[in-house]
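J.: Listed below are the residues making up each chain.
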Amino acid sequence: MAGLLSQLYLGSSALGAQRTGVAAVGHNIANVNTPGYTRVDVDLRANEAFIGGVYSQGYTSTANLVLHQRERLADADMGRANDLAVASAALEGALALESGSIVDAIAALFGGITELSSNPTDTALRAAAVADVESVGEAFNRAAASIQESQRNADERLASMARQANVLTEEIASTNRSLRITNDPTLVDRRNQAARDLATLVGGNAHIDAKGSMRFALEDGTVLVDGDFSAAMEATPDGANYGGRMRIDVVSGARRRDVTTSMTGARMGAQLQFRDQIATQMLADIDQLAFDVATQMNATHRSFAGTNGISGSNLFTAPNGVAGAAAAMSIDAAVLADPTFFATADPALGPGDNSGLLALAGMRTVASTGAGGSMTFMDEGLRMMTDLGFTVQRAGRDQQIAALRSDSLASLRDTVSGVSVEEELTRLQSYQRASDASARVLQTVDGLLGTLIEAL
Amino acid sequence: MNWQALHLLIDDMIEVLRSERRAVASLDVEKLNAFTALKHEQIERLQTLMRDLPKEGPTAGELRAKLAQVSIEAEANALLVRDSQEVIRVFLGEGSNLGVYTSTGAIQSDSRRSAPRSI
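Going line by line, the protein sequences match chains A and B. Counting in the numbering used here, the first sequence runs from 859 upward without gaps. Counting in the numbering used here, the second sequence runs from 2 upward without gaps.
It is worth saying that the hints were derived from the structure and are not from the lab.
Residues on chain A that point at chain B, a partial pick, calculated with CB under 10 Å:
1) Leu923
2) Ala932
3) Ile1259
4) Gln1290
5) Asp1294
6) Ile1311
Restraint-style ranges between C-beta atoms, simulated for each label pair:
7) Ala69/B / Thr1119/A: 29 to 35 Å
8) Ala69/B / Thr1122/A: 21 to 27 Å
9) Ala35/B / Asp1265/A: 19 to 25 Å
10) Ala69/B / Asp1272/A: 25 to 31 Å
11) Ala69/B / Ala1003/A: 29 to 35 Å
12) Leu1045/A / Gly62/B: 50 to 56 Å
13) Ala35/B / Arg1010/A: 51 to 57 Å
14) Glu63/B / Asp1237/A: 24 to 30 Å
15) Leu1045/A / Ala69/B: 39 to 45 Å
16) Gly1085/A / Glu63/B: 51 to 57 Å
17) Ala69/B / Gly1085/A: 42 to 48 Å
18) Thr1284/A / His8/B: 37 to 43 Å
19) Ala69/B / Arg1291/A: 28 to 34 Å
To list a few chain B residues with every Cβ distance to chain A over 12 Å, as calculated:
20) Gln5
21) Leu9
22) Asp12
Every residue gets a Cβ at the ideal spot worked out from N, C-alpha and C, and that includes glycine.
So here's chain A without its partners, still in its complex pose:
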């Protein structure tokens, strides 16, 4: 009985292959004068399950491969946008909401100095102004700590994602192995799903080779899966090259390739971009602002005297340099211990004078003279937060686009799986012309919208 069924299957698969072949020949003849046309070849394969049989991969199968690749690209884009949005929004929240922002603290300091200038000898106002100076230092410390914590979080996610990627590469390799023995379509689906999940994590692309095995490579071409072989991804702290942050390697036996800088897409690319570009730039900007605030306010402060008559003291601890200035920023120890060191007066005019306070308060509206500066201290702080906000917004937009694309690709796959080329050739050619026209109009729409949004 089993033998008879095999014979029947053999006959039907061969007939199917012949039908596809006839259609392909007809297609080629119909397009003999079409510029740029490449002839269709039917991919006849030996049917390993039934000796002597042939079957056809067909057009739909090939188109599905293209669709799978597109879906993986959309998934990678969506994963990237999502992780970038989440990481940036978390940092934005930590800097702006939870602990009181740098801008708020600087504004409060200028407010306290202005109040004290109305009565420079008032001890309560003086103590409040000293507390404001202390708060500015603490706000910078918290901001630097938040950024560094966000980078550590990115490292933890990278390590976790590398482990997930290894599970998926092993699954693809093992499915490749199984598919050489059995032609089970559920295994193909499982492999496709694993490849989608892997693409969401690491980007890259997959291809089915002539033997039906999936190869998966990263964007820079580093191979993760090839047939039975799967390489491992490793995340390890690297002090020499990445300042103690995680370095991502692809490892095979004794061989190891650093892919940290070449991974730009998908979720891992997003974590790396956040850690090495967005957060790093934010920390550098905040360090620069802390350095500028401390050195410039110190310079003004040193020119005046406190109510104790002593001049030449700093308001903030003098920073050693730009790098690390935010984490180390603090009120000068002498001013903290004894608020009479808070310089308020011209040394020649005595403790009732407020010219020192007016000079310090005037810095609120003056552009910073430091390396960071063409803006006031507060505007510079706002600029940083705005940049971060734009990153969150852009990532959210990319996320929406990728989600819309991904949903529609699933519908497109349903449509394509039912298409018969022989019957629908004319319609498909019409579609190609119509979609060309639509693509041109879409370009125009986007251009116009850009102009209009800028005008509003």
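Please build the complex by placing chain B on the supplied structure of chain A, with the hints as guidance.
T.: Relative to the frame of chain A, chain B by itself:
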């Protein structure tokens, strides 16, 4: 008045783009042609309204958000159109330029090209 007309037009554009996406996904030629013609009209109306738009308006923020949504819909559609064109090229025997490995293992795609690497 122009602001209100602009709001209505932008709402229509969002709807048309959403419908267009469904047409692309179902390879519906007739609808796609109809939407293309409709979008031409909408672009002309948009240009006219933009020309007469006053500098300030009471709902500029809302309008900006809607325009951002149109931009998202249009970009998603543009990507989807490219996806579907790729699939149709395969169907029509014109080949695909996506995800093809060369003999040395390099992978080619329309957006990402890379040299072969082995570890």
